[in-house]
Amino acid sequence: MTLARSLRSALPGVSAREWDQSNNDVIGLGGTPEVLIRPVSTEEVSQILTWAGEEGVGVLPLGSGRHVGPVGGGKFVALETSLLSGVDEYEPADLTITSGTGTTFSTVDATLREHGQWAPFDSPGVNERSMGGFVSEASHGPLWAGYGSLRNHVLGATLVTGDGRVLRLGGKVVKNVAGYDLLRPVVGARGRLGILTSVCLRAFPLPAHERVLVLKGAKLTSLIEPALLAGTAPVLPVSIVVVGQLSALDGSSALVLRLHGAESTVDADQSAIEKHLGIPLDRLAEQEADGCLTEIRDRGGLEPRCVEVSVLPSRLSQVVAAADEVGVAKAVIDSYAGRLRMGSSDMSADAVSTFRGAVESLGGALRVTRWDGVTRPKDTSCRGAELQIAQRLESIFDPAGVLWPARQ
Amino acid sequence: MTQTLTSRVADRLRAIVGEDQVITNPDRLVAYESDGLTAYRVVPRAVVLPETTDQVSEVLRVMHGEGIEVVPRGAGTGLSGGALPTPDSVIVGTARMNRILSIDEQNRLAKVQPGVVNARLTEATAPYGLYYAPDPASQSTCTLGGNVAENSGGPHCLKYGVTSRYVTGLTVVMADGEVVRLGGAGLEAVHGLDLVGLFVGSEGCFGIATEIEVRLLPKVESIRTLLGIFDTMEAAGHAVTDIIGSGLMPAAVEIVDNATIVAVEASVFSAGYPVDAGAALVVEFDGTEAGLDDDADRAEQCCLSAGATKVIRATSDEERIALWKGRKKAFGAMGRIAPDLLVQDATVPRTRLPEVLARITEIGREYDLKIANVFHAGDGNLHPNILFDRQNQEELERVEKASREIMTLCVSVGGTITGEHGVGVDKRAYMPLVYNEVEMDMLRSVRRVFDPDGRLNPGKVVQ
Ligand SMILES: Cc1cc2nc3c(=O)[nH]c(=O)nc-3n(C[C@H](O)[C@H](O)[C@@H](O)COP(=O)(O)OP(=O)(O)OC[C@H]3O[C@@H](n4cnc5c(N)ncnc54)[C@H](O)[C@@H]3O)c2cc1C
Ligand SMILES: Cc1cc2nc3c(=O)[nH]c(=O)nc-3n(C[C@H](O)[C@H](O)[C@H](O)COP(=O)(O)OP(=O)(O)OC[C@H]3O[C@@H](n4cnc5c(N)ncnc54)[C@H](O)[C@@H]3O)c2cc1C
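Line by line, the protein sequences give chains A and B.
According to this note's numbering, the first sequence is numbered sequentially starting from 444.
According to this note's numbering, the second sequence is numbered sequentially starting from 1308.
None of these hints come from the bench; they were simulated from the model.
Please read these numbers as outputs of a predicted model, since none were measured by experiment.
In this text, a Cβ means the ideal position worked out from N, Cα and C, and glycines have one as well.
Please note that the accuracy of each hint is not assured.
Claimed, not checked - Below are the DSS-like pairs computed for lysine-lysine, each with C-alpha atoms no more than 30 Å apart in a straight line: (1) Lys1617(B) with Lys718(A); (2) Lys659(A) with Lys718(A); (3) Lys1418(B) with Lys1635(B); (4) Lys1418(B) with Lys1526(B); (5) Lys1677(B) with Lys1526(B); (6) Lys718(A) with Lys1526(B); (7) Lys1526(B) with Lys659(A); (8) Lys1466(B) with Lys1708(B); (9) Lys1708(B) with Lys1617(B).
To be verified - From chain A, some residues computed to sit far from chain B (all C-beta separations above 12 Å): (10) Glu461; (11) Val616; (12) Asp725; (13) Arg782.
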């Protein structure tokens, strides 16, 4: 019996069809799932995972599938989340929003904006991403200096573990220490610990005003020093990035700072920063700023091959110097966070591996966030006892190993 | 009954940490019988005070080999009985692990031993123009190890977030003595599970943190503080909703109720709050000098529209300290008007504050108990403080019943049973209000990942 048949007879109500090979091009998986399943509820996800455990097949959670990367052999099915959609609960005065994980970020964001709020996490291609994929990747956007990491702002989630148990993690309040924080390792776990079916996110009031300031430079490397200096100004911008060859700025490289606040505050902040840097900055007009920010947001995240690096800010220059082979000229560098993102269609797996070695020797880490080739270069991984703890944790969330079918 | 430690084991511990650093004398052990929640008291078998990660590791190896339970302890200011000994346990205290190991100005990081007192880190980093953001009201005594274990918050966590946002890496000694390094600044891109985030808030059940790496923030340029006086708690609650709803981002929004004001004003901490006020609201903004007056003006307007009878603005540091005094000294003042004080802790969605507070007042009336409320209103974190006398058994029973009703209430409106003080022993009975059996089992399983034998801080969080 084919897997699709077995699934249909075990769970007649669940939407499942044979995998359409044309999907492979869309998402660039190496292996091919046998069935595409589209559950409509947490209960269905739980039934599907229980069934998969009994059948001994893997389950690959997919949002857009854009960030999944190549999957090796073995029998597996794809569980696509787009029907787990919709904003379930939003109380603007509480600044929290709960939605199904198949909901796109843009839907959540649009709902928030109707009430003068937003979710300040502008990672690459964020609008098209599912909340599930977004939270599972915990990818980094350029607003870290002002708003911190996504990990701090996911307040709650519903997770179905590999063996079909339904867990409500966290809640919908900002401060919550009832029991161990199982939510933290789930955010950013890339689906290893379970399938998320709903998430509650903290929202923020939209800033009254945004100002985008730039310092152009011929070379990326010459901009890192002023960027680090900007991080020590008496006013901390909400975003401090250096970005190479911005088309929105006629191909110049630039240090780009963003300030949020009331107009009068932002005026004063700008003067304080200029004084601190000892150089005047160019203020971008709204339209120019929009183009520039979109380019910064998506750069190094939507190209067919993308990597993300973290390192202590003081070592950024050394990392940049080692990144020639992987297209550093077009990198986006968050100098406050010590993060660097790069993407291209032609970086080679060997070049990435060599670069990873350099990053690791500088005390940093590299991860591949997209890869369209067959052999995905390895990420920096934790080691020793830390790795063992992580593996033991995975085995209690997913005892039969259903959730990570031959992923690289 | 507490068992004494055999001299053989005591000698082995002394060989590791030094003669004077193992306490077995019953008179001295009494000092360790409870933490800040004095309703529970158990004398431990011994207290060991190591100085380094290696010593902690060796001590835990001995304990593991002997099958003896271990309770980690910082300053003992915890309010949920997290550092309460079991009769079979040895306390491993971090009092001597109080060194700031490094301050990295350029990357805004510090590495500390767990016994460093919270406020001392901010003092030590001030010359670099930096500070450590989480500021529990106990910051002049509580330790960073305790903060990590409880994921502590503080008044300014509304804007800046709680401890977990600042911890980037940990060195942890596991129950069997193994030393493990988790995370580390610069390693955030590792495609793994966030074990640092999981360890923070684990209440001493997963391991003993022996080195903590934290992020520091640049010091703020200026501060504005307002005190709003209201006739009713409801009006103060509306002011808070308006302030947050208007898009302002205050650093702190704190409320004290009439019962607290009366207690403070009757104490040596008198702050000059009017004793007939229904509530006092402290709102603070920080940031660049330029925008602060505008923000303060808008917040003042919100207070007045919500019915504030008076709004005072601090114009100097002394005035600011004075405005905060009624809030900061609330616990101390209450401690003086009743023999015992149960500092409760729960969180509700901010919009549900007015109805929850009204119901808490009713619960106080129904159980004939005095309840004074102090809370972090900005994030819906309540501290209903119940005043009582432990010697009065019948009253103690009413305190327990009222506590349970308050917890049930908070959970029923979408909140939770603790926002910052942790579960410890005190809230263990309320865990089923939040979690079903499957979820409780998962918590137990995760604990076993770190401590398979369950000898590290047994009886805390989940059984
Ligand atoms: C075959 C296919 C059909 C689709 N059909 C539709 C459609 O009919 N209508 C529609 O609106 N959209 C459809 N989509 C698009 C998709 O649902 C969303 O557009 C998606 O925006 C965004 O996914 P992502 O990039 O965030 O996550 P991905 O790149 O897919 O995933 C990122 C990482 O997170 C993991 N992950 C993803 N979701 C979860 C989760 N919930 N829990 C745990 N881990 C998770 C992944 O395994 C991966 O490791 C389809 C996508 C695919 C692949
Ligand atoms: C007046 C007063 C005001 C307070 N205000 C606040 C407040 O505003 N916000 C807030 O969040 N809390 C507050 N608290 C509670 C308390 O101060 C915090 O929970 C604090 O973090 C406890 O630190 P400690 O060093 O006293 O830890 P302890 O009480 O000694 O221990 C607390 C827990 O941490 C564990 N532990 C201690 N050190 C380690 C370590 N190195 N490794 C692993 N586990 C360890 C213990 O086993 C125990 O479970 C207040 C308490 C008081 C008395």
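* Would you mind confirming whether the straight-line C-alpha gap from Lys1418(B) to Lys1635(B) stays at or under 30 Å? => 28 Å, holds
* To do: Evaluate the condition: distance from the CB of Arg782(A) to the nearest CB of chain B exceeds 12 Å.
  => 7 Å, violated
* **30 Å limit on alpha-carbon distance, applied to hinted pair Lys1708(B) and Lys1617(B)** => 37 Å, violated
* Does Asp725(A) sit more than 12 Å from chain B, CB to CB? -> 21 Å, holds
* To do: Please settle this one: Glu461(A) was flagged as non-interface, so is its CB more than 12 Å from every CB on chain B?
  => Glu461(A) is indeed farther than 12 Å from all Cβ atoms of chain B, at 31 Å.
* Taking 30 Å as the top limit, are the C-alpha atoms of Lys1677(B) and Lys1526(B) close enough? -> With a Cα-Cα distance of about 40 Å, the restraint between Lys1677(B) and Lys1526(B) is violated, given a limit of 30 Å.
* To do: Would you mind confirming whether the straight-line C-alpha gap from Lys659(A) to Lys718(A) stays at or under 30 Å?
  => Roughly 17 Å between the alpha carbons, so the hint for Lys659(A) and Lys718(A) holds.
* Is the Cα-Cα distance between Lys1466(B) and Lys1708(B) 30 Å or less? -> 34 Å, violated
* Would you mind confirming whether the straight-line C-alpha gap from Lys1617(B) to Lys718(A) stays at or under 30 Å? => 39 Å, violated
* For the pair we were handed, Lys718(A) and Lys1526(B), check the Cα-Cα distance against 30 Å. => 18 Å, holds
* **chain B versus Val616(A) - minimum CB to CB distance exceeding 12 Å, so not interface** => 4 Å, violated
* Are the Cα positions of Lys1526(B) and Lys659(A) separated by 30 Å at most? -> 29 Å, holds
Checked against the numbered hints given earlier, the structure breaks hints 1, 5, 8, 9, 11, 13 and satisfies all the rest.
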